[in-house]
Amino acid sequence: MSSALAGLMCVVLVLTSCGDPGAGGDSTAAGDPVKGEWIVIHELSDPEGVNPLITNDASASAIFNRVFEKLLEQDFATTELYPVLAEARPTISDDHLTYTFKLREGIRFSDGKPLTAKDVIFSFKVVKNPLITDGAALRNYYESVKDVVSPDDRTIVITMSKPYFLAEYFLGTLWIVPKHIFDPKGLTDKYSFDETNSIDKASGNAALKEFATWYNTADVKRDMKLNVGSGPYMYDEWKTGESVTLKRNDNFWNAGKDKWNPSYAEKLIYKVVNDRSSAVVALKNGELDFMEYVPAAKYTEEIDTVATPFLRKYAFASQSYSYIGFNMQRPILNEVNVRKAIAHCLDRDALIKQVVRGLATKVNTAIYQERPEYDKSIPSIDYNPTEAKKLLAAGGWADSDGDGILDKVINGRKTPLHISFLINAGNEMREAIAITLSDDLKRIGVKLDIRKLEWSVFLENLRTRNFELYIGGWVNDPIPSDPYQIWHSSQIGNKGSNYVSFNNKRADELLDLNRIEFDEQKRIAYMKDFQQIVANEQPYVFLWSPLYPSVYNNRLQNVKYSAVRPGYSPTQWWVPKSGWKYAPVQ
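Take the sequence shown: its position 332, counted from the start at 1, is 331 in numbering that gives the first Met the number 0, and no numbers get skipped.
Treat the hints as calculated values from the structure; they're not laboratory data. None of the values given here were measured: they were computed from a predicted structure. There could be a bad hint or two in this list.
With a cut-off of at most 27 Å between alpha-carbon atoms, the simulated BS3-like pairs for lysine-lysine come out as follows [stated by the list, open to error]: (1) K389 / K441; (2) K270 / K112; (3) K270 / K451; (4) K266 / K494; (5) K339 / K361; (6) K101 / K145; (7) K297 / K361; (8) K389 / K297; (9) K283 / K352; (10) K246 / K112; (11) K101 / K161; (12) K270 / K576; (13) K580 / K246; (14) K34 / K559; (15) K34 / K297; (16) K246 / K339; (17) K297 / K527; (18) K494 / K208.
Between beta-carbon pairs, the in silico distance windows are [said to hold, decoys possible]: (19) K112 / N410: 31 to 39 Å; (20) K576 / D235: 19 to 27 Å; (21) Q368 / D249: 18 to 26 Å.
For every residue, glycine included, the Cβ atom is placed at its ideal position computed from N, Cα and C.
Can you build the whole structure from these sequences, using the hints too?
Next up, the structure:
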């Protein structure tokens, strides 16, 4: 027998502290941890949903990861996989096609119902259902799952149609949701895994279609009464536009045994403040306990831990990057010269200095720069408006009518180089980037309109390809690279994550080869070839990998940081009774 991820997941996390040499460590002066009190955490916007199988935004996952559990999880300190719902890591066949998990005894959902192998099979049938549109982002990691069976209530045997080098990770880290709540009619019992692997077979199964139709509804995504998990917290209340509240699951089946989830706080309140300047004021006033991302200028210039000694600062590293994406389905942006010209009009060095105050590192590809597969040879696209003009002229763009905007005939119509730029409201960093780019493009004859949308609307526009340019960001897990979800052409339709509609046959081949290869050196070669293709095609303007300038109230104890996303864990925090202000001291 073998373990698919043995030796793959050892990483070293380097955390960077800015402004407070004592930040990031836990305080031992406060005494032993105590249970109780409420902790208030900043969110820039409402989560898109609370169901983990059909919700993909980072803020939502930071919330629902406290409510739902997985067979395996990444250790907060080492990032190695460790068993949670499972008794141990799986037994894996030598051909990497069969994975056998055994559930622990006594697992229960927060409503008291037992969690069994039936719930695990059900969760896999949800994620595999091709008619559940909002499951597309997650589903690609399970495309090779051929069958899932349970010889008994605690044993799960998963069969793959082909090997996948990250199979143990993704099979083990699927959130497990309750069958008794989401499928009381037993509809998922009436379709097989074979039918989920074919859109034609799926469309022909009435039960599969009926289940998908219901699972696509807003209630399943947002209703807290439906979304019952087995984790240390449970959903309490969602006040749209104001807050999402979790309360401690006092009947948590694993209470006192999970070292990374002691769940000290009685409640975790994720408070929505859709303007980071206002959020910083709330932080200074003690209305927020933790802010994951403080605007860099405010972090360096306004958060003074001498003037406000109850605040602590810590800029932590993350495996993420920001970028500008082009909708390559639009005729103007389908031209590589236009995409490269726009890239040459973005002064990343100046933006890193001015907008993020140096708390970022330039990146040139989609691979995390600390991974061995990151291709350091890819050249940076430097700020060069003169080169941008040459590229556009070579592509036939000229100001034929003297209005200051370049144009040319496309498909028989005179088309101005007039582009819409989508950003999410409340994100001042992205707005500053958009404004700066708009000013620079105007100087070379390109008009850019900036559109600000509420977060969930912004996401829906990306998924339905209703945009031309947008600013986005991806967060990677601390594991070897598999960029399939974002870059494979199969992920263009059905609300997949290939928002820019990048379609390159050789890139697809490399992504496919990468998934079935267990030799790290071969995967590194595949990924370097893939990065060269992306660099030549320029579907993204890669910006930078940021540090997250976090600030927290020092009433919080045991605040630590990790490579495991989102980079921190409120289930570990506690407040000394002397610092309680929301809940009565027991």
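Status of the hints after comparison with the structure:
| no. | hint | in the structure |
| --- | --- | --- |
| 1 | K389 / K441 | holds, 15 Å |
| 2 | K270 / K112 | violated, 30 Å |
| 3 | K270 / K451 | holds, 21 Å |
| 4 | K266 / K494 | violated, 34 Å |
| 5 | K339 / K361 | holds, 17 Å |
| 6 | K101 / K145 | holds, 19 Å |
| 7 | K297 / K361 | holds, 21 Å |
| 8 | K389 / K297 | violated, 39 Å |
| 9 | K283 / K352 | holds, 25 Å |
| 10 | K246 / K112 | holds, 18 Å |
| 11 | K101 / K161 | holds, 22 Å |
| 12 | K270 / K576 | holds, 22 Å |
| 13 | K580 / K246 | holds, 17 Å |
| 14 | K34 / K559 | holds, 18 Å |
| 15 | K34 / K297 | violated, 33 Å |
| 16 | K246 / K339 | violated, 49 Å |
| 17 | K297 / K527 | violated, 38 Å |
| 18 | K494 / K208 | holds, 18 Å |
| 19 | K112 / N410: 31 to 39 Å | violated, 59 Å |
| 20 | K576 / D235: 19 to 27 Å | holds, 22 Å |
| 21 | Q368 / D249: 18 to 26 Å | violated, 43 Å |
Violation of the numbered hints given earlier is confined to hints 2, 4, 8, 15, 16, 17, 19 and 21; the remaining hints are satisfied by the structure.
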